[in-house]
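Starting from the known structure of chain A, fit chain B onto it as the hints suggest.
Residue numbers (the working numbering), protein chains in the order written: chain A, 58 to 382; chain B, 14 to 570.
Think of the hints as simulated: they come from the structure by calculation, not from any bench. Check before you lean on any hint, since a few could be wrong.
Unchecked claim - Pair by pair, the computed Cβ-Cβ distance ranges are:
| hint | chain 1 | residue 1 | chain 2 | residue 2 | range |
| --- | --- | --- | --- | --- | --- |
| 1 | B | Leu77 | A | Asn224 | 36 to 44 angstroms |
| 2 | A | Gly334 | B | Val550 | 56 to 64 angstroms |
| 3 | A | Asn224 | B | Val550 | 13 to 21 angstroms |
| 4 | A | Ser366 | B | Arg557 | 36 to 44 angstroms |
| 5 | B | Leu559 | A | Asn224 | 23 to 31 angstroms |
| 6 | B | Gln49 | A | Ile59 | 55 to 63 angstroms |
| 7 | B | Arg557 | A | Asp356 | 23 to 31 angstroms |
Note that beta-carbon positions come from the ideal geometry of N, C-alpha and C, so glycine has one too.
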Amino acid sequence: MIRLRPNPFDPATLEDIRLQAQKSFVTAGTGALLRRKLGQSLDYREHRAYAFGDDVRHIDWRASLRHGGKEDYLVRSFEAEERFLLLVVIDDSATMRAGLGEAGRVSKLEIALWICEALGHIATRQALDIALACLDHGREGADDRIVFAHGRQIEEQFARFSEMVLNAFPVEEDGGAPMAGALGRLPQSSVTVFLTDFYRTGDAKVVFEEAVSLARRGYRQAVVCELDSWPTERAILAETVVSLGRIGKTKGRDGSFLATSHELALADDAIAAQRSGYLDMIHQGGVIHCPWALSALFDPAAGDEAFRSGFREFLLRSELFGRTG
Amino acid sequence: MTGLSFLGGSYLALAVVGLIIVALLVRYMRRSTVRQVDLSSLRFLPELSPATKKRTRWQFAAPLASPLFWLRLLALLCLFSALLLDGVTLAKREAPTLGVLIAVDQTPSMAAGAPSRAQQARALAGDIANHVVALGGCWRQVALPFTPIAEGARDQLARDGLSPIEMETLLTASLEQDSSCLWTHVAVVSDLPRPPLLALAPKAGGKGQAPMMPLWFEVGGTVANRALLGAGFKAAGLQGDDARLTLSLAAYGAPQDDADLVVTGPDGETIAPAEPVDLSGDGPLVASYPVSRPGVYHAVLSEAGGIEIDNRLDITLGAIAGLPIALGASLSGRPIAAFAGRIAPLVEGADRDDVVHLDVYRGGQDVTRRGIYLVDGPQGDATPLGYFDSTSPLLEALDLDLLEALHPHGLDRLPQGFEAVASGADGSIWLATRGGPDPAVIMPAPTGGLGADLSDPAQLTWLVAFINAYRLVSNDRQQLLAVTHVNEAGEPLRDVAFESNLAKVAGHNPSIVDIQPVVHAGGTEEPFWPWLLLLAVMALCVERFLALRRGGERRAA
Numbered sequence: 058m059i060r061l062r063p064n065p066f067d068p069a070t071l072e073d074i075r076l077q078a079q080k081s082f083v084t085a086g087t088g089a090l091l092r093r094k095l096g097q098s099l100d101y102r103e104h105r106a107y108a109f110g111d112d113v114r115h116i117d118w119r120a121s122l123r124h125g126g127k128e129d130y131l132v133r134s135f136e137a138e139e140r141f142l143l144l145v146v147i148d149d150s151a152t153m154r155a156g157l158g159e160a161g162r163v164s165k166l167e168i169a170l171w172i173c174e175a176l177g178h179i180a181t182r183q184a185l186d187i188a189l190a191c192l193d194h195g196r197e198g199a200d201d202r203i204v205f206a207h208g209r210q211i212e213e214q215f216a217r218f219s220e221m222v223l224n225a226f227p228v229e230e231d232g233g234a235p236m237a238g239a240l241g242r243l244p245q246s247s248v249t250v251f252l253t254d255f256y257r258t259g260d261a262k263v264v265f266e267e268a269v270s271l272a273r274r275g276y277r278q279a280v281v282c283e284l285d286s287w288p289t290e291r292a293i294l295a296e297t298v299v300s301l302g303r304i305g306k307t308k309g310r311d312g313s314f315l316a317t318s319h320e321l322a323l324a325d326d327a328i329a330a331q332r333s334g335y336l337d338m339i340h341q342g343g344v345i346h347c348p349w350a351l352s353a354l355f356d357p358a359a360g361d362e363a364f365r366s367g368f369r370e371f372l373l374r375s376e377l378f379g380r381t382g
Numbered sequence: 014m015t016g017l018s019f020l021g022g023s024y025l026a027l028a029v030v031g032l033i034i035v036a037l038l039v040r041y042m043r044r045s046t047v048r049q050v051d052l053s054s055l056r057f058l059p060e061l062s063p064a065t066k067k068r069t070r071w072q073f074a075a076p077l078a079s080p081l082f083w084l085r086l087l088a089l090l091c092l093f094s095a096l097l098l099d100g101v102t103l104a105k106r107e108a109p110t111l112g113v114l115i116a117v118d119q120t121p122s123m124a125a126g127a128p129s130r131a132q133q134a135r136a137l138a139g140d141i142a143n144h145v146v147a148l149g150g151c152w153r154q155v156a157l158p159f160t161p162i163a164e165g166a167r168d169q170l171a172r173d174g175l176s177p178i179e180m181e182t183l184l185t186a187s188l189e190q191d192s193s194c195l196w197t198h199v200a201v202v203s204d205l206p207r208p209p210l211l212a213l214a215p216k217a218g219g220k221g222q223a224p225m226m227p228l229w230f231e232v233g234g235t236v237a238n239r240a241l242l243g244a245g246f247k248a249a250g251l252q253g254d255d256a257r258l259t260l261s262l263a264a265y266g267a268p269q270d271d272a273d274l275v276v277t278g279p280d281g282e283t284i285a286p287a288e289p290v291d292l293s294g295d296g297p298l299v300a301s302y303p304v305s306r307p308g309v310y311h312a313v314l315s316e317a318g319g320i321e322i323d324n325r326l327d328i329t330l331g332a333i334a335g336l337p338i339a340l341g342a343s344l345s346g347r348p349i350a351a352f353a354g355r356i357a358p359l360v361e362g363a364d365r366d367d368v369v370h371l372d373v374y375r376g377g378q379d380v381t382r383r384g385i386y387l388v389d390g391p392q393g394d395a396t397p398l399g400y401f402d403s404t405s406p407l408l409e410a411l412d413l414d415l416l417e418a419l420h421p422h423g424l425d426r427l428p429q430g431f432e433a434v435a436s437g438a439d440g441s442i443w444l445a446t447r448g449g450p451d452p453a454v455i456m457p458a459p460t461g462g463l464g465a466d467l468s469d470p471a472q473l474t475w476l477v478a479f480i481n482a483y484r485l486v487s488n489d490r491q492q493l494l495a496v497t498h499v500n501e502a503g504e505p506l507r508d509v510a511f512e513s514n515l516a517k518v519a520g521h522n523p524s525i526v527d528i529q530p531v532v533h534a535g536g537t538e539e540p541f542w543p544w545l546l547l548l549a550v551m552a553l554c555v556e557r558f559l560a561l562r563r564g565g566e567r568r569a570a
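Isolated chain A (complex conformation):
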């Protein structure tokens, strides 16, 4: 059984990152997704002067007599009560699993799970609900692919989720089940974070596109984090004979291939075309694109530091956390 390696972050560092992220955004910024605002609830906030249009039922007569002027009335204002949810969706396709369980390597799936764990910690500190889901696993039933957690449950639920994802058998290229049912039940104030490498093709890509589309429907926010491993892998492949192995082997493509510069240039074009297809879909609006270059996939020691810096940048770029309004 494959187990997730320890997260490069310790809780104190995560707390620092959260605070830095909160300081970086203003309360009313459009990108600040999870914040409190004035509204109707039983949660008292303050007294303020009556303005035209205020509900006369909220006038505090006693306070007005004690503190207000002759024609000044004080009204009670309340906090708006909204239930926010952070949904993290992981692409657990075969390309994300490359290198999983091998010594001396860090797979993209592990990095995605580390991101989940870090976001879960921050959500706990912010008293937010968080849900974890994967794009491919659980294709038979759409309900069990989303794991909801709140408060102290997050650690236990994340452990269960990561074990399930790490040891799941990878879904074929054309696999993946639509997430319409799961995403359609999300509350209005939700943010969905997608962690993927943009290497899904065919039906798998359609599944992803549908999920993103559902996640941003109704003016909800979606963040797509692109885990880009091509530059690192390109350096590995240069001028060597490689076996296509499990991932690269398809019908008519078997055996060994010599990766010359010319052929790598062709691969550059193929991957660029693949990315552009995703970016066109993302740039339709309501989606924040956060590219994350994975530079230390083959060096676990350097990979920890790369992850820490990458996560800070991702947090700032995604504008996930802001100050309470």
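For chain B alone, coordinates are given in the frame of chain A:
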């Protein structure tokens, strides 16, 4: 393939291990250039030009740089060594031990002296035992011939003597049988000198141990003694002298009183010596007695203070003279008749069975009676054997039993039942014999015919052959003489010759202090191959551990 065989198991093991090592070297040197790498971007690689999957590169130094290779090589070598060195053992040093087996001579000669040698031996054995106990060792006292010495039976001596070979055998057996102690020394207390080259074989299973050299303690002093060593017989001579019985005696030291030697004949009659016997002297002595008929003679040497076990002899004489000779008619008056008359009395009677017939052999006749038949005239070519010459003195020692095993021939065709047994180098003398109840010999006539002068020295070879032929047909090879030492009851005794003890004791005893604990370098041995096997298993375990740890790295690299 049924005939396939190997010189030995070790050669087969060597071949197998050699093949494995070669395979191991090739595996390390032959690295595939194709990298087994699992990258997520591989599916976006274009249709690349196919490369040869079997392309390899040879790295001759690669095995030397790999600790896994050295571990596997070590494991293989250990396995091979374990197969090859299964007979090698490790000597296990032990604490010094002392175990002394004290063997006391109980043969009859130990009764001599006052105090007797047996008493002196017991005292010496007690000293040795006390010394061993003081050093913390163990001891056991046994008797030779080998019997445990029980209380109350210590003065019981054996009836017979004991030869050195038998003594060595008994001592070795006593060491083998008694495992109550780890024997490091054997101390023999005896009145005999130490037999040369006496060494006890190591205990069975004690591979590598040197033979044990017994410590030899002599006890007793010199005792004046007379002994009957043996007897001889001289048949009646051709010159008319009588048959004689000779007795060999030995004497040492001054006798305490006059000794007396009495010889009695088959009917109990006392036989007077041919010459007076003087037993007062010192040294070897021969006494001669005239005898006239076969039978059992007794010789008794009486003395006081000596070792009387060797003072009685039973002498059996098988035959004193042969059968009379009955001459054939054609030989009467010939020189050969006179010669035959000197060997045995001549009698008449061509039909008698109790005589040796001496006649001329005629070709084709049947020979049925006991006798000597001479071939006169031309003969067939004899096969020269060359084992004796006609002038050789060895001819006098002609042994018919030996000649019977040879197969020369003198006649073209021998009568039924005869075997040609011997021939001279020149073919002039040959014998054809027939055994059975009526033995007979066919031999050539003397050189020059039946009328030749037998006093001519040239006829000596023929005369010797004739005498032998007569002995064959007359005595029928009876045992002439048998001599046995007996006790007073007439029972035969063995190995008395070793108990005469005429000129001892040398008294070169080792010191009791020389008996010290011994560290057995090879006392307990354990095989070496289990250690090699353990080392091989450990090397394989470490190799597996490292290999599993590096497995992932190898795949990624």
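Hints breached by this structure: Failing hints, ascending: 3 and 6.
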